[in-house]
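Participant: Residues per chain, in single letters:
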Amino acid sequence: MSDLFGTESWWVVIVKAVLIFVVLVVYTLFNIWFERRVVAKMQHRVGPNVHGPFGLLQSLADGVKLALKEDIIPTAADKVVYVLAPIIATIPAFMAWAVIPFGPEVKIPFTDTVTPLQLTDLPVGVIYVLAVTSIGIYGIVLAGWSSGSTYALLGGMRSSAQMISYEIAMGLTFVSVFLYAGSMSTAAIVEAQEGMWFFIPLFPAFVIYVIAMVGETNRAPFDLPEAEGELVGGFHTEYSSLKFALFFLAEYVNMVTVSALATTLFLGGWRAPYPIAFWDGANEGYWPVLWFLGKTLAFIFLFIWLRGTLPRMRYDQFMKFGWKWLIPAALAWTVLVMIVRKVQSDLTLDRQTLLIVAACVAVVLLLVSLIPESKKADEVEDEVEFDAFAGGFPVPPMPGRQTSTDRTDQTETTATSTTSREE
Amino acid sequence: MTDADVPGAREVVVGVGAGAAGFDHERGGGGPGSSIATTDMVLNVGPQHPATHGVLRLRLTLDGERVVACEPIVGYMHRGVEKLFEVRDYRQIIVLANRHDWLSAFSSELGVVMAVEHMLGMEVPERAVWLRTMLAELNRVLNHLMFLGSYPLEIGAITPMFYAFRERETIQEVMEEVSGGRMHYMFNRVGGLKEDVPAGWTGRVRAAVAAVRSRMPQIEDLVLGNEIFRARTRGIGYLSPELVHAYGVSGPIARASGVDLDLRRDEPYLAYGTLADEGVLEVVTRTEGDSYARYCCLVDQVRVSLALVDACLAHLEDLPPGPVGVRLPKIVKAPEGSTYVWTENPLGLNGYYLVSRGEKTPWRLKLRSASFNNVAVLPHVLTGCVVADMVAVLGSMFFVVGDIDK
Amino acid sequence: MRVPGRGLLTGLAVTWRAMTRRSVTQHYPEVAPDLPPRSRGVIALQEENCTSCMLCARECPAWCISIDSHQEVEPATTEGGRDRSHSVLDSFDIDFSLCMYCSICIEVCPFDALHWSPEFEYAETDIRDLTHGRDRLREWMWTVPPPQPLDPHAVDPKELDAARKAAEADDASGTGP
Numbered sequence: 001m002s003d004l005f006g007t008e009s010w011w012v013v014i015v016k017a018v019l020i021f022v023v024l025v026v027y028t029l030f031n032i033w034f035e036r037r038v039v040a041k042m043q044h045r046v047g048p049n050v051h052g053p054f055g056l057l058q059s060l061a062d063g064v065k066l067a068l069k070e071d072i073i074p075t076a077a078d079k080v081v082y083v084l085a086p087i088i089a090t091i092p093a094f095m096a097w098a099v100i101p102f103g104p105e106v107k108i109p110f111t112d113t114v115t116p117l118q119l120t121d122l123p124v125g126v127i128y129v130l131a132v133t134s135i136g137i138y139g140i141v142l143a144g145w146s147s148g149s150t151y152a153l154l155g156g157m158r159s160s161a162q163m164i165s166y167e168i169a170m171g172l173t174f175v176s177v178f179l180y181a182g183s184m185s186t187a188a189i190v191e192a193q194e195g196m197w198f199f200i201p202l203f204p205a206f207v208i209y210v211i212a213m214v215g216e217t218n219r220a221p222f223d224l225p226e227a228e229g230e231l232v233g234g235f236h237t238e239y240s241s242l243k244f245a246l247f248f249l250a251e252y253v254n255m256v257t258v259s260a261l262a263t264t265l266f267l268g269g270w271r272a273p274y275p276i277a278f279w280d281g282a283n284e285g286y287w288p289v290l291w292f293l294g295k296t297l298a299f300i301f302l303f304i305w306l307r308g309t310l311p312r313m314r315y316d317q318f319m320k321f322g323w324k325w326l327i328p329a330a331l332a333w334t335v336l337v338m339i340v341r342k343v344q345s346d347l348t349l350d351r352q353t354l355l356i357v358a359a360c361v362a363v364v365l366l367l368v369s370l371i372p373e374s375k376k377a378d379e380v381e382d383e384v385e386f387d388a389f390a391g392g393f394p395v396p397p398m399p400g401r402q403t404s405t406d407r408t409d410q411t412e413t414t415a416t417s418t419t420s421r422e423e
Numbered sequence: 001m002t003d004a005d006v007p008g009a010r011e012v013v014v015g016v017g018a019g020a021a022g023f024d025h026e027r028g029g030g031g032p033g034s035s036i037a038t039t040d041m042v043l044n045v046g047p048q049h050p051a052t053h054g055v056l057r058l059r060l061t062l063d064g065e066r067v068v069a070c071e072p073i074v075g076y077m078h079r080g081v082e083k084l085f086e087v088r089d090y091r092q093i094i095v096l097a098n099r100h101d102w103l104s105a106f107s108s109e110l111g112v113v114m115a116v117e118h119m120l121g122m123e124v125p126e127r128a129v130w131l132r133t134m135l136a137e138l139n140r141v142l143n144h145l146m147f148l149g150s151y152p153l154e155i156g157a158i159t160p161m162f163y164a165f166r167e168r169e170t171i172q173e174v175m176e177e178v179s180g181g182r183m184h185y186m187f188n189r190v191g192g193l194k195e196d197v198p199a200g201w202t203g204r205v206r207a208a209v210a211a212v213r214s215r216m217p218q219i220e221d222l223v224l225g226n227e228i229f230r231a232r233t234r235g236i237g238y239l240s241p242e243l244v245h246a247y248g249v250s251g252p253i254a255r256a257s258g259v260d261l262d263l264r265r266d267e268p269y270l271a272y273g274t275l276a277d278e279g280v281l282e283v284v285t286r287t288e289g290d291s292y293a294r295y296c297c298l299v300d301q302v303r304v305s306l307a308l309v310d311a312c313l314a315h316l317e318d319l320p321p322g323p324v325g326v327r328l329p330k331i332v333k334a335p336e337g338s339t340y341v342w343t344e345n346p347l348g349l350n351g352y353y354l355v356s357r358g359e360k361t362p363w364r365l366k367l368r369s370a371s372f373n374n375v376a377v378l379p380h381v382l383t384g385c386v387v388a389d390m391v392a393v394l395g396s397m398f399f400v401v402g403d404i405d406k
Numbered sequence: 001m002r003v004p005g006r007g008l009l010t011g012l013a014v015t016w017r018a019m020t021r022r023s024v025t026q027h028y029p030e031v032a033p034d035l036p037p038r039s040r041g042v043i044a045l046q047e048e049n050c051t052s053c054m055l056c057a058r059e060c061p062a063w064c065i066s067i068d069s070h071q072e073v074e075p076a077t078t079e080g081g082r083d084r085s086h087s088v089l090d091s092f093d094i095d096f097s098l099c100m101y102c103s104i105c106i107e108v109c110p111f112d113a114l115h116w117s118p119e120f121e122y123a124e125t126d127i128r129d130l131t132h133g134r135d136r137l138r139e140w141m142w143t144v145p146p147p148q149p150l151d152p153h154a155v156d157p158k159e160l161d162a163a164r165k166a167a168e169a170d171d172a173s174g175t176g177p
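Protein chains in written order, with the working numbering: chain G, 1 to 423; chain S, 1 to 406; chain W, 1 to 177.
A few of these clues could be false.
With a straight-line cut-off of 16 angstroms between C-alpha atoms, the simulated EDC-like cross-links for lysine to aspartate or glutamate are [as the list claims (entries may be wrong)]:
| # | chain 1 | residue 1 | chain 2 | residue 2 |
| --- | --- | --- | --- | --- |
| 1 | S | LYS330 | W | ASP156 |
| 2 | W | LYS158 | S | GLU195 |
| 3 | S | LYS360 | W | GLU159 |
| 4 | S | LYS194 | W | ASP156 |
| 5 | S | LYS330 | W | GLU107 |
| 6 | S | LYS194 | W | ASP34 |
| 7 | S | LYS333 | S | GLU86 |
| 8 | S | LYS194 | W | GLU159 |
| 9 | S | LYS194 | W | ASP151 |
| 10 | G | LYS107 | G | GLU284 |
| 11 | G | LYS320 | G | GLU70 |
Keep in mind the hints are simulated off the structure, nothing from the lab.
Quick caveat, the model's predicted, so the values are computed rather than measured.
Between the sequences and the hints, there should be enough to build the whole structure, so can you do that?
Facilitator: As structure tokens, this is what we get:
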């Protein structure tokens, strides 16, 4: 952890805070465009290409359009909470970025001031991110509750359950990173990855984190709170204009936040990727910002790729997956890492790599057999042949005696009637 | 089905959030056996809802996310088409007939003209018969592709829609070239077709069919094998053969439940008899009766229909040159009497009961459209599902709202 | 047994491959679509052919065609001959907000005054502006493509047959040019 934190002059802090805000908003605008272009390419389309070069200004135009739209507050809504909810959702999304390291210490141009490319650092930086992003959930829950709509309520309910469950799995994966880095500060974690990026030794944790981060941000295939096919818009069904834009912004900032966290914790943070790392200047000056944003963008691409490919999971399947697979797997992995670390330090075993590899394989196997398939399909009873043309015209069995509950009984009765006809 | 059928379901005023009237103890909550006061919510899915693609309205009674009761409310799109038929001559009826189910326009036109031809005892030229068969099958592919794309979309996969539409576009191009229309072909006439096909068109059909066939695996790869899709659809929305019979469910949905009824084979019309004898016409059935089986049925039917188009093209090559229509008098009048004609439309059985008093307009033309029956069975299938399954089931019932409401 | 997760990966591979391919989007306003000649875009009126016989207006299932005409009397050219009267078209309006694009009017027209044109860019911001008069309809006549040649297996349309027979009859009688 750099000594400079907490001792910097006020203007440096303000400049960095404003810069982070600006970068995030611009990055969000870029990401919306990026997502639309990439998904379009995956669907044989072109995507936005009219406004600005390559359509880059499309998101800006959309933002302006949203701002100019009529702001509707439903009669059934709880006005104070309804207005507050998007604000509660958005502010924490930005706040999390206070501890994300963009790069090493740099000299601010035209001055002699040296400062790390990070707003501040806390000894519990990662925990701070977790805590702050959790507050964002309140925004969504309150939005769903205060809208006065069933759809919104269901969406809000789903999202609270979803985010809370996936946060557990997410938090557990952090533990193994902490064990390896020996610190909870983000800057220290990046420093600890100088030799090897953590996603190699901690691969299962990385995989669990990636799954959990998709769940945490309500993105496809886990976008249940806003499942447009079922819940219209989920928690933001009743929102319009700038309030909706705030939710939109919060979602995309959250996406970048979890991606940045993944980069920081597992992909070496701002460190240059493998081939470029041989160049001496790669990890100095302002270059690391580029590597950092690039790695984040790779995660964003993953988000988009998943969204372009996968259907949405069902709510209960998703919860089952989270609680029955992801959390136990994360827990098992954490315990395993602890044991390995302990054994390594006490006995100085040389076979540690072997152990880790074995563990990786075990957990990956566990993870891969994830989605439970419904067993009902196998239990379908034997079909009964029905002669639709028995009387020249098709004669249906009389409706009315049908109920969906005594399905098996009916099968038997029809079976007997069919046999009697054959006789 | 009304709420009275479901034990414990009582309608409550839904107001969530401020002033939640639903938490009123006198009106809501506390059905038999529930000591904790939980209220059932009434959720109106539709008439405007992304999952109902159209204006179907489902009145769901929910216990949490579980559907306790479901009541489809139809008629938002009722255009009185049967009444309109009565004041239109037979050519004008075709215009309306291809509009109630806008995804199977050609097949719907076909039923009307076949009914009139049947009344007139008219022999349709062979070339017209084969062309009609081929166009009907192309129309079937178009229809099925629509649902192959829209169903995954409802479950949350956004991409298959675009792949399906690319294939639709390929086929629609040849349909537009021959008929001039992209949706409402208006290409059937009593006694045959409007006009013959343009030169070189058959070659373009062959190319389009080959292109679609070669690209179908993309949709299948994207959707069918997907674990999430399977988890969402397998065992969901089980429709028993008994329910199929009781409600007159037909088409791919019925066949997915193991009801092996396909008029193309069982009561051949057009050239389907020959095609069935040649073995090109396979009737695709499944026994599982769940949403996954229904989707698989569609995928396989596309394959079969493409093969049928190829077979029709081969037959058309062998036919001697001939007309594609019968020359008609200025005013076509069906003789007095009645007839019932039914066809295997892409979505199921379409029936036309035509009563004529010898006028140039029908006295009555009753339309039995497939979607109405297919949707009528929903209360049985949906009760007990969760809201997310509601979408998975609803999408797999493959309906067109215009076809329900007529 | 299937390898779990394989379906997901196959799906991801499909979208990845699609991403590397060219898009199939038609760049409509920049690139005009190539529409087949039969495409039913708009109804064009060959005013000179119209005898205001009202067949199209009567047969239209949506009653979207309105025709006004008056009789003009042409004095007899020969002595003792009868005066000839013929209708002169005053107005010919098609309300495209009602039109169902069924092409019945075109089919029933005995003098080939109505034709389909693939032209489709006549959207308006006010529904009332969708009623187009004879001048506009006449303008569209210039966009009507020639009919496509028919399939070799097709028989010629009856008009062509009749014309050919007439020509043969002319040749046989030797009065032809």
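Participant: Hint by hint, say whether it matches the structure.
Facilitator: Against the structure, the hints come out as follows:
A threshold of 16 angstroms between alpha carbons decides the hint, and for LYS330(S) with ASP156(W) the separation of about 20 angstroms lies outside it, so the pair is violated. Under the criterion of a C-alpha separation no larger than 16 angstroms, the hint pairing LYS158(W) with GLU195(S) is consistent with the structure, at around 11 angstroms. With a CA separation close to 26 angstroms, the supplied pair LYS360(S) and GLU159(W) exceeds the 16 angstroms bound. Straight-line distance between C-alpha atoms of LYS194(S) and ASP156(W) comes to about 13 angstroms, which keeps the hinted pair within the 16 angstroms bound.
Straight-line distance between C-alpha atoms of LYS330(S) and GLU107(W) comes to about 12 angstroms, which keeps the hinted pair within the 16 angstroms bound. Proximity of LYS194(S) to ASP34(W) is assessed by CA-CA distance (about 23 angstroms); at most 16 angstroms being required, the pair is judged violated. Note on LYS333(S) and GLU86(S): the hinted pairing holds, with a Cα-Cα distance of about 13 angstroms set against a maximum of 16 angstroms. For the suggested pair LYS194(S) and GLU159(W), the alpha carbons sit about 15 angstroms apart, so the restraint of at most 16 angstroms is met.
Pair hint LYS194(S) plus ASP151(W) holds up; C-alpha atoms about 14 angstroms apart against a cutoff of 16 angstroms. Using a Cα cut-off of 16 angstroms, the hinted pair LYS107(G) and GLU284(G) holds, with the two alpha carbons roughly 10 angstroms apart. A distance of roughly 40 angstroms separates the Cα atoms of LYS320(G) and GLU70(G); the hinted pair therefore is violated under the 16 angstroms criterion.
Hint compliance for this structure: hints 1, 3, 6 and 11 are not met, and every other hint is.
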